[in-house]
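Let's have the full structure, built from the sequences with the hints guiding it.
Chains as they are written, first to last, in numbering that gives the first Met the number 0: chain A, 0 to 299; chain B, 0 to 284.
You can take every hint at face value.
Computed list of lysine to any residue pairs in SDA-like fashion (alpha-carbon distance at most 20 Å, straight line):
#1 Lys112(A) to Ala4(B)
#2 Lys135(A) to Ala234(B)
#3 Lys112(A) to Leu14(B)
#4 Lys110(A) to Leu9(B)
#5 Lys135(A) to Phe233(B)
#6 Lys178(B) to His15(A)
#7 Lys98(B) to Arg17(A)
#8 Lys210(A) to Leu197(A)
#9 Lys210(A) to Gly7(B)
#10 Lys110(A) to Pro99(A)
#11 Lys110(A) to Ala8(B)
#12 Lys112(A) to Val20(B)
#13 Lys6(B) to Ser109(A)
#14 Lys135(A) to Pro43(B)
#15 Lys110(A) to Arg13(B)
#16 Lys135(A) to Gln241(B)
#17 Lys110(A) to Ala4(B)
#18 Lys98(B) to Thr20(A)
#19 Lys110(A) to Lys6(B)
#20 Lys135(A) to Thr41(B)
#21 Lys98(B) to Gly289(A)
#22 Lys178(B) to Arg13(A)
#23 Lys112(A) to Leu9(B)
#24 Lys98(B) to His15(A)
#25 Lys178(B) to Asp16(A)
#26 Lys210(A) to Lys6(B)
#27 Lys112(A) to Phe15(B)
#28 Lys210(A) to Ser196(A)
#29 Lys6(B) to Arg195(A)
#30 Lys98(B) to Gly18(A)
#31 Lys98(B) to Leu23(A)
#32 Lys210(A) to Leu9(B)
The hints are simulated quantities; they were obtained by calculation from the structure and are not laboratory data.
So the chains spell out like this:
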Amino acid sequence: MATLEPAVARRRWRRHDRGVTAALLSPPLLWLLLFFIVPVGFIAAYSVGAISIFPTDAGVVSFEDWARFLSGDTIYTGLFWKSVRMSLTVSVVVVILAYPVGYFLALCASKRKYVLLLMIIAPFLTSYLLRVLAWKVILGDSGVVNSLLFSLNLRSSDDPIQWLLYSQFTVMVVLVYVWVPFVALPIFASLDGLDRSLLEAAGDLGAGRLKTFWRVTLPLSLPGVVAAFVFVFVPTIGEFVTPLLVGGTSGYMYGNAIQDAFTRGIDWQFGSVLAMFLLLVVAGLMLLFGRFVQVRSVAA
Amino acid sequence: MEIAASKGALLLMRLFFALLVLFLYLPIALLALFSFNDGDPTFPLERFTTHWYADVFGNQQLINALIRSTIVATVSSILAVGLGVLASFVLIRRRFFGKPAVSALLFSPLVIPYLVFGVSLLVVFAAVDRFLTDSFGVYIGLGLHAVVVGHVVVSLPYTILTIMPLLERLNVSLDEAAKDLGASPWQTFRRVTLPLLFPALVSAFLIAFTLSFDEFAIASFLAGTEPTWPVFLFASLRVPSQLPQLIAVSSMVFVASLMLVAAAEIGRRLAARRYGSEFTARGMV
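The following block contains the structure:
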């Protein structure tokens, strides 16, 4: 090495260094490429018929299914907007419920704030299906609410309140229930990271508590709020399990249409169109709001 | 003056917090209650019983599903932690062209709806099988291997996010000291970095494990004829009489996972005490 020109040695070292980086990075990147990017490419290709899987597949590229979906003549466009409305409502409600809790824990409960935060998050560690199921047990025809009404003689057992279960409203209640613990975290993190001297400064400059909140605290915590919103909206717009368990026909969502296309009806090609469209919507959302989403806030 | 809230507002927030905790825990508590109730999950309660718990051990299908989920979760978490260590190391310690794009790709599974990802993998497995049967007369088919493949993808961002902060705080000069003392890069990694990183690896493993063990959407498309525990649970929900038993198993799973997390936390503290504060992550800032 000593005989080499310094510039040559540096170049060699840099090449070696790049090799090390590539060697370390290639296993995770290859895994994602093979089992994440390629699959997404496959449904994109299958949605236009560029690959064929079943003997019935024509094997000809055609945008017919896309045209059928985008024309709005199918029930799926309406279903999509209904699901958007439901997820939007759920995301807004979840953020509104979680914000005061995050505020209380981050700025008011100084001593035991982490223990209390853990109390809010812990339910998220129990089985997702089970938490949905709990509501079925509570709201069903012979569920907790109805059987309580029966035993108090407030209602005859032949006539349970049926709208409690299997409605759009139930799906939204359950989704709120399921996602509140998850969202408390990013909101708490953004408020906890707040420089408290800013609040003191606002107070010293004559702002009241409400004004301080509107002009200082809330704007500074907005990134956490947006992140929380995105982290609820993305999974709920693709939700199909909760509607299956507590939604009935009126709670049927866009995600159920995708699942049905792949499991019940064997129209995988149209299912790919539906799935791909959802993915594009989510990707668009991420392009718009991605810079607010601090991925680190989900893993404390 | 307390700046964040007035006394009245503070009281309101306390009340709100208490109500939210009630809202979150009441449904779970009700389920737990019914798992000790000898009868259907409705009021009024019947006699107290533990037979739902005892029955679990006689239900072979259920046991098999639990075993399958344990296998899938173990394998996929080990893979996700391994890949996560490599990715975190590169993201923290190395500078290279296209880093923002690579990091965006590594974290992108966080925001894909699992449903869409599940059907994408289903399509790939079907297409590959079509190709294999046509050309060689063999096929791979669905099953636990497919679920593992999917779970590694969705766990990877979480393991990276768990490992990265600790790696960031590890002092690079320790690595340099090892190098100066004659250690090869591999020896440095094996003898210095890895032991110091161990607590983060354990938490990353546990996070990936719980995620995989409870994951339904992806598994429901890929498990084929080998239902994992959530897939089995979902299928059994149609039989209401089985409900208390399923609740009993879920309670046991929950308690077991809590014990696992607690054990990991105790282990982490013991390790921290043994190494002394200067070798724990916090002491190295």
